[in-house]
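Protein sequences, first through last, are from chains A and B.
Convert by adding 3 to the 1-based position in the first sequence; the result is the number in this note's numbering.
Convert by adding 4 to the 1-based position in the second sequence; the result is the number in this note's numbering.
Just so you know, these hints were derived from the structure itself, not from any lab.
One or more hints might be untrue.
[Unchecked claim] The calculated lysine to any residue pairs, modelled on SDA-like cross-linking and capped at a C-alpha distance of 20 Å, are:
no., chain 1, residue 1, chain 2, residue 2
1, B, Lys-17, A, Glu-67
2, A, Lys-52, A, Thr-8
3, B, Lys-104, A, Ser-17
4, B, Lys-104, A, Ser-73
5, B, Lys-104, A, Glu-23
6, B, Lys-104, A, Glu-69
7, A, Lys-71, A, Gly-102
8, B, Lys-104, A, Thr-58
9, B, Lys-104, A, Ala-89
10, A, Lys-52, B, Asp-89
11, B, Lys-104, A, Pro-82
12, B, Lys-104, A, Glu-67
13, A, Lys-64, A, Gln-5
14, B, Lys-104, A, Ser-100
15, A, Lys-52, B, Arg-67
16, B, Lys-104, A, Ser-55
17, A, Lys-64, B, Leu-99
18, B, Lys-104, A, Tyr-28
19, A, Lys-64, A, Asp-88
20, B, Lys-104, A, Asp-57
21, A, Lys-64, A, Ser-17
22, B, Lys-17, A, Tyr-28
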Amino acid sequence: AQSVTQPDIHITVSEGASLELRCNYSYGATPYLFWYVQSPGQGLQLLLKYFSGDTLVQGIKGFEAEFKRSQSSFNLRKPSVHWSDAAEYFCAVGLISGGYNKLIFGAGTRLAVHP
Amino acid sequence: ETGVTQSPTHLIKTRGQQVTLRCSSQSGHNTVSWYQQALGQGPQFIFQYYREEENGRGNFPPRFSGLQFPNYSSELNVNALELDDSALYLCASSLRGAEKLFFGSGTQLSVL
Numbered sequence: 004a005q006s007v008t009q010p011d012i013h014i015t016v017s018e019g020a021s022l023e024l025r026c027n028y029s030y031g032a033t034p035y036l037f038w039y040v041q042s043p044g045q046g047l048q049l050l051l052k053y054f055s056g057d058t059l060v061q062g063i064k065g066f067e068a069e070f071k072r073s074q075s076s077f078n079l080r081k082p083s084v085h086w087s088d089a090a091e092y093f094c095a096v097g098l099i100s101g102g103y104n105k106l107i108f109g110a111g112t113r114l115a116v117h118p
Numbered sequence: 005e006t007g008v009t010q011s012p013t014h015l016i017k018t019r020g021q022q023v024t025l026r027c028s029s030q031s032g033h034n035t036v037s038w039y040q041q042a043l044g045q046g047p048q049f050i051f052q053y054y055r056e057e058e059n060g061r062g063n064f065p066p067r068f069s070g071l072q073f074p075n076y077s078s079e080l081n082v083n084a085l086e087l088d089d090s091a092l093y094l095c096a097s098s099l100r101g102a103e104k105l106f107f108g109s110g111t112q113l114s115v116l
């Protein structure tokens, strides 16, 4: 069965420090992979996605993620974190077939940023 | 701003009652999906509608039902509410088969 694991429930970093959020997935074929961000009281905003091709993908707000098939991972990175990046981050696998699209989400990683 | 609007934003119900949540899709989107996000968890897929028919369903009981209207707006209905139904309910619209979903801000449902 398809699943997504985000090993870190809560991460705290200092403003200006680098960030890496981990994501591991279980999926039988080449996955569609996504990272979403959710601010308090808000819906989900797409940061970036991977379908095929270059394994390093760039997203909005200075985020990037690298797909590593051998490790079944899709980790999210940012070189320098800003206080406004404090939010909850969700990794997801997309099941897209025959007009049907469904996302399977991890449990999320809550990011806190110290000034 | 995704253009997906949900109403109401907050709702309090008691166990055993019924609730209807509403979603207005982004203009031009013909597919609507509903997700349940319990506290401290990631969203879970409830079901998807396309052309007013259910197009896929997650592991939710039949008391969770939905509708999609000709203008592509949608409703999520939950009967016989249970305490565990307390959650944020998210609606997402998209084009059929497209990989990108546009999420609304959600309806926070509390069941007492």
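Here is what the structure says about each hint:
no., hint, verdict
1, Lys-17/B / Glu-67/A, "41 Å, violated"
2, Lys-52/A / Thr-8/A, "17 Å, holds"
3, Lys-104/B / Ser-17/A, "32 Å, violated"
4, Lys-104/B / Ser-73/A, "26 Å, violated"
5, Lys-104/B / Glu-23/A, "24 Å, violated"
6, Lys-104/B / Glu-69/A, "19 Å, holds"
7, Lys-71/A / Gly-102/A, "27 Å, violated"
8, Lys-104/B / Thr-58/A, "19 Å, holds"
9, Lys-104/B / Ala-89/A, "23 Å, violated"
10, Lys-52/A / Asp-89/B, "30 Å, violated"
11, Lys-104/B / Pro-82/A, "26 Å, violated"
12, Lys-104/B / Glu-67/A, "17 Å, holds"
13, Lys-64/A / Gln-5/A, "29 Å, violated"
14, Lys-104/B / Ser-100/A, "13 Å, holds"
15, Lys-52/A / Arg-67/B, "33 Å, violated"
16, Lys-104/B / Ser-55/A, "15 Å, holds"
17, Lys-64/A / Leu-99/B, "25 Å, violated"
18, Lys-104/B / Tyr-28/A, "19 Å, holds"
19, Lys-64/A / Asp-88/A, "9 Å, holds"
20, Lys-104/B / Asp-57/A, "19 Å, holds"
21, Lys-64/A / Ser-17/A, "17 Å, holds"
22, Lys-17/B / Tyr-28/A, "36 Å, violated"
Of the hints listed earlier, those the structure fails to meet are numbers 1, 3, 4, 5, 7, 9, 10, 11, 13, 15, 17, 22, in rising order.
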